[in-house]
Structure formats: structure tokens, C-alpha cells
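Sequence order for the protein chains is U and X.
Using my numbering, the first residue of the first sequence is number 134, and each one after it goes up by one.
Using my numbering, the first residue of the second sequence is number 18, and each one after it goes up by one.
Bear in mind the hints are in silico, worked out from the structure with no lab data behind them.
Please note that the accuracy of each hint is not assured.
[Unchecked claim] Here are some, though not all, of the chain U residues that point toward chain X, as calculated from beta-carbon distances under 8 angstroms:
id : residue
1  : R170
2  : R293
3  : E296
4  : G304
[Said to hold, decoys possible] Residues of chain X clear of chain U, computed beta-carbon distances all greater than 12 angstroms:
id : residue
5  : L39
6  : G66
7  : L67
8  : E94
9  : H110
10 : G115
11 : V117
12 : V121
13 : D250
14 : T260
15 : A355
16 : G356
17 : A365
Quick reminder that beta carbons are idealized off the backbone N, C-alpha and C, glycines included.
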Amino acid sequence: MRRRSWFGFLATVAAGLAVAFLVVPIVAIFANASPGRLIEALGEESARDALWLSLRTTAIAMAIVVVVGAPAAYLLALRDFRGRALVLTAIELPLVVPPAVAGIALLAAFGPQGIFGSAIAGAGIELVLQTAGVVVALLFVSAPFFLRQAIAAFAAIDPRLLEASRTLGAGPFRTFATVAAPSARAGLASGLALAWGRALGEFGATLMFAGSLQAVTQTAPLAIFAEFNRPDGFVAALALSAVLIVVSAVLLIGIKLLGGDRAVEGTER
Amino acid sequence: MKRGLSLEVDTPLRDFPLRVELAVDPGERLAVVGPSGVGKTTVLRLAAGLLSPASGRVSLGSEVWLDTRASVDLQPERRRCGYLFQDYALFPHMSAWGNVAFGVRGARRQRRDRALQMLERFGVAGLADARPETLSGGERQRVALARALAADPQVLLLDEPLSALDPVTRKGSLRELHGLLEELEIPVLVVTHSFDEAALLADSLVVLDRGQVVQRGSAAEISARPRSAFVADFAGAVVLRGTASTEPGGLTLVHLEGGGAVRSTDRGEGRVAVSVFPWEISLEPAGSAPADSVLNRVEGEIASLTSVGNRVRVGLAVPQLLSMEVTARSAEAMGLEAGARVTAAWKATATRLIQV
């Protein structure tokens, strides 16, 4: 038998450590809460409100991300213009901005004292301490995940496919809808999964921009934190966490299955 | 009524300007030939509207597609050229019939029927539900041709239609494509880097070099009277038409249209195109006795002599125009001149046959 090299051995150990470290905390949540207690915790109104709010706000945010983000990404992927690199960097900036900073930034822009504050108030729109504010915060932190993947996916399409579509009588919109979007399906799906995951976990920006009002702006992560801060609230926090993990996992896997095999691998050409 | 395509464009490419003027009548097949990177594909893209030139005019009959002076520039979807892309550009997420039906209008049922009818015409009806990735190169080409023609385009544009095929498939495909293009009643513009393909597929050729048209004419004329060393190097095999039959002993005998006969080691029966490279042919004084094993000896009158550097292109009326190449020194030694009768000789093994 061939002797295994010391590096092969070390790499195996490293891989084992990495996987274990990432999986153990997740497993611990389920190990700490019995199914009975999980169901009991979900019976509480605040927990149900928080989950329902999270699902609603993230779904609305993702709908906006896809409807606005997909055509935007298509344009940015195919059109060459001056300052393109700058624009691409700018839309990725929220990825590296700390959530607390994102919250402050949103307040500075759209808050009551923000630069667009009076214009927004004038239009009769209220964001702060409102569900709509949650959606804005989610959009800001999650859209870049989708845009990045979508731009890469559209840029990877053979331009001749798009040209073939045009010569066959399809205008720009039909070309986008029937050739470009299906060709980029895997990348769009994996981008959506990442964005949705990020939105479900969003905490800091939402808290600072929209607050933590039960049934209005208290999303599941905020409710977990609220439970955790209550005396003897750890179990309730644990239960809500477990549910959030299941919901996130179902969404992630569902979207990736929709996107086809390549999305499951998460790789693009 | 079928209309002719005319194109006159001037636009800068990366290294040189592209200046091309050409016209293709309905039912005519024009080839734009030249080595890689001279702007051939750009001509097709300009015709289809995938690219807009700095200045120029493109029209189909009286319908103006592009006129930079009048600020007319029709989008590609409004020109609706049948366009065969070099690598066929089939939509990978659609079945073969979905690809063919893409450009067809109407209800799903009608579109599918039309697609199946086109696939049938190209002999690939059995692959209607197959995905492009599962098709061979030759099958992809047929599906792509079916797609390009399904919506009854007014013009057919072909970009290197055979270059994505392996050599064996290419020969069969060349024959089929020749037959197809002969049947079409619309203008056909084909781009190829292969002079031989152009000679077989097109009625007339436009030779392009660095964005400029350097010579126009039939393949035989261009090969026999190249206007420059560049064209001479590029203009390869000339094509003669004839009727083939198999001789006892396995060789194929071809009676040339207009007279004369040649032999080939290739198989063939019925109508064929005979191709032979100018540099495979040697010249002898007329009436000289056969001195070697060369089977093909055709006597004719010298129609033209064109000096290209250290060699001379000789156009010989046999009576179809055959071109050959001799060194300048031997042309002088033999005292070649227009009107003189000479014998062209070449081996049966250097004679390629393509069934047409």
C-alpha cells in the first residue's frame, strides 16, 4: 500500500476540524432543545409574530431584489461604459460594511433627519419603526449578494446566443426573458439563495433603522435577541433559533434545486 | 417577391478600417473569403444589424435597413436575417425543436409543426426533443440551419458554416450545403477562410484583405488571374464541373462539362465537382508524349498569364477555366504566351471529387 504523505494527513485533519467546527454549534441547538419544548416555544405569540414577519419581509425584499436586480445586473454585465468598474465596486460595498454602520447609513439617508427624510415624509411614506423600514434594511444588506452573482452569471453567457435570439426576431426584452435569464438560471438561483439567507439573518441594520417592535419590525433574529435578554429566556431563544435554521435550510435547498445542478455546487463557469 | 441585398459600409476595426461594398441578387450566392482577422464576420454582423458601422448603407430591395446619413438603423429583430453562427449558437436550455421554433410566430402547435417540418427537411426530425449538448457537430449544424430558415428569412448569412465540423463530416456537409444553397431563392452571403469551400458554395467571390476588397469574380477567374501574391497564395483549388462514372480498375472517370475528361482516385458517381490545386499541375508543350505515370492530361489554350513574384499563374481554357502555377523561370523557358496551346498534367491522386 502506498504510504500517505504527511501533507495528505494534515489536510484531512484540517478538513475534519473545519467541518466539525461549523456543524457542531448548529447541531447543539437541536441537541439542547427537545422537540416538545420547541413546539411549546412556538406557541408563544411573539415567536410566531417574529417568524411570520421575517418570512413576509424577506419575501418582499427578495421579490424586489429579483425584479429590479436581474435587469440591472444584465445591463451591468453586458454594457461597457466609463466608470463601470467603479459602479461594480460601489454596489458591492454593503457586503463589507458592518451592519451597525449600514443602519446608521440608512438613517443618514432615509431617516427623519436624513438627506431624503423630508422628501420621504412628504410623500407620506414612513420607514422608521415601520415594516417598510425592515424591507429597506434587508434590501440594502442583501441585494449585493444577488447582484454580484447575477452579474457574473449574465457575463458568462455566450454573447452569440443573445445575438442569435435577436436575428430570430426577438427584441431586447424577449431575449432577456427567454434566452439570457434561463441561461443564467443557476447563477441567479444561487445569488437569490445567498441574498435570502443574508436577509433572514439580518440583525444590526434592522435594529438601528427600523427598531424592534413586536409584529411590526421585530424579525426572528431580533426576537431571539429579545428572548435571550429576558431572565430564563434562553430556551425560547434556542427554540426560535432552531426554527430559523430549518426555515433557512429549506429555502436554501429549495432555491438551489430550482436553479439546477450547477447551483447546488454553487459554481459558475 | 424576393429582393436583393446591397451593403456599403465603412467602419474602423481595431487595426484597420473595414471598407466593403457588395450586392447579392436573389438566388445568388456570394462568398466573402480571406484569412482570419480581415473583417469577414464583421461584414455579416453589419448586414444583420448586430453592429452599426461608422457610415454606410444596407438595404434589401427598396427597404432601407441602415442609412447613416438618414439616421436609419433597423434593429436585428426587424431585419430578420437567417444567420448561421460559426459555432451554431444553439440555445442550450431548449430542445432542438424549441430552437427551431424560436423564430416562428403563431400558436405553440403551429410553431412546433413548422419546427418539425424544418427538422424533417434537414433529416434530423428524430432529434426534435434532444438538447443541443447531446448532438454531434453535424447534427447541430442541421438544427442551426433549420432554425435560421424556419421563419422564412429574406437573406441567409452563413459564418464559416463548416469550420466547426470534423474533416469527415465536413465533406458530406459541404455537399448538402451546396444542394441547399442552390435551391434557395433569397440572397445568400457566406463567409469562409477556405477558398475551396467558397469556390463550391458560391457563384462569385469577394476576397478581403485587412478590411479591403482586393479582388472580385468567380473562383476560376480569381485563381487563374490573381491580382496580387496575396490572392495567389490564398486562391487554392479551382473547381471544374463534370459527370463521374466508375471505371473498371476502381478509378473514377469524370467527363468535364464543355469537353475533356479527368481521372480521380476519389469515388464519385453522377454530377461532381473536381478540385485540383494550381501547384499540383505541371505544364508541357501541347502534343508531347506522356513521359510518366501522370493520368490526367488536358490540352487547352492559355487564356491568361499573371506574374506573381517568382511564379506565374496560368489560366487555361480546357474549356472550363483551369488555373495552374509554374515558376517564372520555366514560364520563360517554355515561352508561354496567351493563345498558345499547352497540356496540363496532374496525378489522379491529386484530384479531389465532391458529389454535388
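Hints and how they fare:
no., hint, in the structure
1, R170, "violated (47 angstroms)"
2, R293, "holds (4 angstroms)"
3, E296, "holds (5 angstroms)"
4, G304, "holds (5 angstroms)"
5, L39, "holds (19 angstroms)"
6, G66, "violated (8 angstroms)"
7, L67, "violated (5 angstroms)"
8, E94, "violated (5 angstroms)"
9, H110, "violated (5 angstroms)"
10, G115, "violated (10 angstroms)"
11, V117, "violated (10 angstroms)"
12, V121, "violated (9 angstroms)"
13, D250, "holds (30 angstroms)"
14, T260, "holds (39 angstroms)"
15, A355, "holds (47 angstroms)"
16, G356, "holds (50 angstroms)"
17, A365, "holds (42 angstroms)"
Violated hints, in rising order: 1, 6, 7, 8, 9, 10, 11 and 12; the structure is consistent with all others.
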